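Asker: Read off the chains here:
Protein chains: 2
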Amino acid sequence: MTEATRTKLEAAARYASALSGDAPIVGNDKDQIVFVGSGSVKLVAHASAGREQVVAFQFAGDLVSVPATRAHAYSLSALDDCELISFPADEFFKLVQQEEGIILEVLKCSLVALANCREKAITLGRKTAQERLASFLVSMAERGGTPVDRGVELHLPMSRSDMGDSLGLTIETVSRQLSELRASGLLITPSRSKFLLLDLAGLQARAGHIRAAA
Amino acid sequence: MTEATRTKLEAAARYASALSGDAPIVGNDKDQIVFVGSGSVKLVAHASAGREQVVAFQFAGDLVSVPATRAHAYSLSALDDCELISFPADEFFKLVQQEEGIILEVLKCSLVALANCREKAITLGRKTAQERLASFLVSMAERGGTPVDRGVELHLPMSRSDMGDSLGLTIETVSRQLSELRASGLLITPSRSKFLLLDLAGLQARAGHIRAAA
DNA sequence: CGGCTAATTGACGGGACTCAAAACAAGTGG
DNA sequence: CCACTTGTTTTGAGTCCCGTCAATTAGCCG
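Just so you know, the sequences run in chain order W and Z.
Counting from 409, one number per residue, gives the positions in the first sequence under the working numbering.
Counting from 409, one number per residue, gives the positions in the second sequence under the working numbering.
Bear in mind the hints are in silico, worked out from the structure with no lab data behind them.
Remember, predicted model here, so these are calculated numbers, not experimental data.
Some clues are possibly wrong.
Since copy identity is lost for identical chains, a pair holds within one copy or between any two.
To be verified - Under the rule of at most 27 Å between Cα atoms (straight-line distance), these lysine-lysine pairs were calculated in the DSSO-like manner:
1) Lys516 x Lys438
2) Lys502 x Lys438
3) Lys438 x Lys416
4) Lys416 x Lys516
5) Lys516 x Lys502
Throw the hints in and build the complete structure from the sequences for me.
Answerer: Right, dumping it as structure tokens:
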């Protein structure tokens, strides 16, 4: 990146530090691009009657596109303490346009987000509660699990409520299905946010993936 | 676009004509970029047990990203007779990378697709059958409706089954909810694929959008 | 007109939601 | 260090919406 571009980007940038639970970025009439410097966030869409859908969880290093409000309103909330840098999308594009390579990276980022969102659409549209939870755990294990001797360990910063809002389920259903997975010996939960996946293959088999049935 | 780039793109391109019902593009181990020259297509994701989720409908002029097979398999099917041009994603990016402007257009395309997919996630995760159908009709009206004296006219190339697979509902539920909207005087269906939306505002009110409740 | 597929309508059952209560984790102050 | 408080998670009972199965009707093309 040239020095000139960097300077201009810094001028357009808005820096925000947020504590857990804060909503540092609220959708307005313009699309925004947000870089997650540290911590983790949820992108939430708001429908009528207070219903919320978590559209994506994003972690340190991710780039998030926050759409302008149209049929639904969007906002970004902190799951952790985190640091964010946001730009108005149009300015951001104008500035990085000349920087060969950068814009390609942004495009790839956006295509990954698109692929993730499509996976979510399958989950929400065609899967049972148990399959949704299993899918979720497998995907989280792929994104940020640490292999230990007995399986894969996960630290999930989001609450059961966030999981429900992400999977299109209620808290109670999330909890019930977790209990069932526990009873099946697929995982144990040493604490609220810590998960130890004992049988990743077993979870994958319950996730309704194409490979499991074929 | 330079002549050199055009020549290279044409070399990488695969042209396909497809009749209604064909699946001219089947997901493989590489991401693909497909341009819809004419006609309309559905992007379908396959889960276990033969369940299908329509991830997006795309029409003439649209650019579609078909992900490689991972947890789920994707394919593109023709709703109409249509003509498609496809590229392996990595080659496509390499070629248009130098062309300033082009790649920005592709990025914007991808962000629109992302926003659409997120809207779909809300619909699938948090809406009732009736809200889903109303949302679908409103969104289709915005994308390709023709205003007439009594309301907005729609020609939908997809079957009830496709609508169901897109909205996470069964054919029967789609049909039942359509009947209810008809009974409420919100629309009439002169033929199978023709819809006349008599009261767009009424449909929007039933779509569960944020504005309706606030 | 006749045959075929798509769409609609009906009856019934099940999975997830709702409401409600109990159990549990995680701080807080004594 | 422990009792207390508070909010989260888990568990339970009942209900409803949508899915399943089945039959009828309507649209479409030869």
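Asker: Looking back at the numbered hints, which does the structure fail to meet, lowest number first?
Answerer: Structure breaks no hint.
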